[in-house]
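S.K.: The primary structure of each chain is shown beneath.
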Amino acid sequence: MNTLLIAEHNNETLADATVKAVTAAAQMGGECHVLVAGSGCAAVADAAAKLDGVAKVLLADDAQYEKQLAEPMAALVVSMADGYATIASPASTNGKNFMPRIAALLDCSQISDITAVIDANTFERPIYAGNAIQTVKVNEAKKTVTIRATAFQAAGDGGSAGVEAVGAADNPGLSEFVNEELTKSDRPELTSAKVVVSGGRGMQSGENFPMLEKVADKLGAAVGASRAAVDAGFVPNDYQVGQTGKVVAPELYIAVGISGAIQHLAGMKDSKVIVAINKDEEAPIFQVADYGLVADLFTAVPELEEELGKAGL
Amino acid sequence: MKILVPVKRVVDYNVKIRVKPDQTGVDLANVKMSMNPFCEIAVEEAVRLQEAGTATEIIVVSVGPAQAQETIRTALAMGADRGILVKTDDELEPLGIAKVLKAVVEAESPDLVILGKQAIDGDNNQTGQMLSALLGWSQGTFASELGIDGDKINVTREIDGGLQSVKLAMPAIITTDLRLNEPRYASLPNIMKAKKKPIDEKELAEYGVDAAPRLEIVKVAEPAEREAGVKVETVGELVDKLKNEAGVL
Ligand SMILES: Cc1cc2nc3c(=O)[nH]c(=O)nc-3n(C[C@H](O)[C@H](O)[C@H](O)COP(=O)(O)OP(=O)(O)OC[C@H]3O[C@@H](n4cnc5c(N)ncnc54)[C@H](O)[C@@H]3O)c2cc1C
Ligand SMILES: Cc1cc2nc3c(=O)[nH]c(=O)nc-3n(C[C@H](O)[C@H](O)[C@H](O)COP(=O)(O)OP(=O)(O)OC[C@H]3O[C@@H](n4cnc5c(N)ncnc54)[C@H](O)[C@@H]3O)c2cc1C
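Heads up: the protein sequence lines correspond to chains Y and F, in order.
If you count the first sequence from 1, position 136 lands on 136 in our numbering, and the numbers rise without skipping.
If you count the second sequence from 1, position 126 lands on 1126 in our numbering, and the numbers rise without skipping.
Just chain Y, with the same shape it has in the complex (with noise of 0.2 Å):
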């Protein structure tokens, strides 16, 4: 029995997300097939098609998809859900949102989150922001599944399956989208970032962040935050790293002025190399960072820019 994972994309470019989920899909027996469904989006169902371990790629084109809103994008996946033991996604917004109303239209569980494929049937989750970690088997014949995209590699490039349209479903009509205003940025996208520099409630002020900014463009860094510079309106809320937030895994994540909170850890402990900059020597952060500097912020972080200035960057 195949798989059917469904990308998520802007309807431009097939998002990092996907393709690290397709690895994990690829993991969950049979063929993977990667479902496309948008407004013109047809340069990411090519971009699908080239990624290793898919065999098919589904395109449903359609004005209605162009938003991925739930109740249209569930009516479509349950029309073609015949035939596919698994139905996976990124664990994104879209993802979270859409998936486990799926699940319910066709009576089946969902697994969310997943960090790790043990067997088609089987999976890790974390649980209570990542303190425990789960193994779930389904003993039935169809599921969902999330996936957490930084716990798997990108999928490589070398893929050459074909592209079949599918039609629309009837819309429920039940929702509208009215408008988003997105966060303009051109640095690189959190989830993805190589490099992340974060900011919490000692950052003080929304304007003291072009320092940490500063730093993110001499690294190509992705700006983050805790839940407490989100909440004080520090940054906006798709800045917030943690367990009711993004969950990244860069190479480097800097944490600068931040306690440490399960909550947050629970969104960058998978980091490779953790820095901590704060000014309690208590401070939890430091029970997970790889290298801790006890300093005021203030004068901690211009010095990180010259400094990373004299080292060639």
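The set of hints was computed from the structure by calculation and includes no laboratory data.
Values in this document were obtained by computation on a predicted structure and should not be read as measured data.
Cβ coordinates follow ideal geometry from the N, Cα and C atoms, glycine included.
Hints are supplied without guarantee of correctness; some may be wrong.
Heads up, simulated SDA-like pairs for lysine to any residue below, C-alpha to C-alpha not over 25 Å straight-line [to be verified]: (1) K1243/F with M211/Y; (2) K1193/F with A1066/F; (3) K137/Y with D1089/F; (4) K1167/F with D170/Y; (5) K272/Y with A1246/F; (6) K1032/F with L1092/F; (7) K1020/F with Q287/Y.
Some chain F residues near chain Y, calculated using beta-carbon distances under 8 Å [said to hold, decoys possible]: (8) E1093; (9) L1095; (10) Q1118; (11) I1120; (12) L1134; (13) N1154; (14) Q1164; (15) K1167; (16) L1168; (17) I1217; (18) P1223; (19) A1228.
Knowing the structure of chain Y, use the given hints to seat chain F with the ligands on it.
M.R.: Quick look at chain F with the ligands alone, frame taken from chain Y:
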């Protein structure tokens, strides 16, 4: 307008949990339990809609053991009108909970159901979306702002790229995100008043739905521990170590 708010009793967010040595689960003996924080936000939003004159009645429901009474009382002290406890000692899965909640919705006919986006124990982030599917209703997940507009509801949602606004047909399912509101603390007089508010106790079997667990938990293990590294004295030393020792620059 009638609002139903499902609330869940979970380990308090400040508790550092321990995995049982036999790997069958998490040790919950004698740990502090509280209302799931996202459910608190859901209750708060319902109470604000009532204070604004939009909502006429708020019913809270919890599916769980007898102690889930306390969680319902907390919601009543925040301002909800009455509670329903669906008693079970089984550890139901999101689809099972959604099926029970569907039966409660059919009995109570609310116009809006507000749930938390995720419970901080299971971290599933499924129940609201599943309930919405079973009812054939619209869903506004990860809400940071709500506005009732005649027979529609405008919902601003926290998404990966920023914020998205959708207009939904009512009745609707809403799930809360952190920025929707800041929940109040119940005052002592309201805690006293809540003791007199009714809680209807039901047995799970009374709803006649098949909510039996379907997944097999093979094991629950400790995550890989991360060891603390070293403290550096200066920024210069930090950059040197990142470059020459860690090799990440
Ligand atoms: C349901 C729920 C979900 C949550 N989800 C998340 C989540 O997804 N992500 C998340 O991050 N949090 C989350 N939290 C919040 C979490 O519990 C913490 O409150 C939050 O992470 C704290 O943010 P902080 O470290 O920036 O702030 P604080 O804990 O206030 O820490 C600020 C730190 O800055 C340091 N500092 C201050 N000034 C300076 C200075 N001048 N120089 C150097 N250091 C300085 C201080 O020593 C302190 O350690 C959640 C909480 C709940 C209840
Ligand atoms: C083998 C097994 C072991 C388990 N072990 C534990 C355990 O040790 N501790 C434990 O607490 N749970 C345990 N569970 C239950 C399970 O982890 C979840 O609580 C359940 O599946 C619901 O998922 P969730 O709370 O993560 O849902 P989510 O979808 O994340 O919850 C979102 C929202 O749904 C609503 N909701 C969820 N559950 C309820 C409820 N019961 N009543 C009313 N509203 C609700 C709330 O509004 C909540 O904010 C176990 C389940 C199984 C099958």
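S.K.: All hints are to be evaluated individually against the structure, with a verdict given for each.
M.R.: Outcome of the hint check:
no.: 1; hint: K1243/F with M211/Y; verdict: holds (21 Å)
no.: 2; hint: K1193/F with A1066/F; verdict: holds (21 Å)
no.: 3; hint: K137/Y with D1089/F; verdict: holds (22 Å)
no.: 4; hint: K1167/F with D170/Y; verdict: holds (19 Å)
no.: 5; hint: K272/Y with A1246/F; verdict: holds (9 Å)
no.: 6; hint: K1032/F with L1092/F; verdict: holds (21 Å)
no.: 7; hint: K1020/F with Q287/Y; verdict: holds (23 Å)
no.: 8; hint: E1093; verdict: holds (6 Å)
no.: 9; hint: L1095; verdict: holds (6 Å)
no.: 10; hint: Q1118; verdict: holds (7 Å)
no.: 11; hint: I1120; verdict: holds (7 Å)
no.: 12; hint: L1134; verdict: holds (5 Å)
no.: 13; hint: N1154; verdict: holds (7 Å)
no.: 14; hint: Q1164; verdict: holds (4 Å)
no.: 15; hint: K1167; verdict: holds (4 Å)
no.: 16; hint: L1168; verdict: holds (5 Å)
no.: 17; hint: I1217; verdict: holds (6 Å)
no.: 18; hint: P1223; verdict: holds (5 Å)
no.: 19; hint: A1228; verdict: holds (5 Å)
The earlier numbered hints are all upheld by this structure, with none contradicted.
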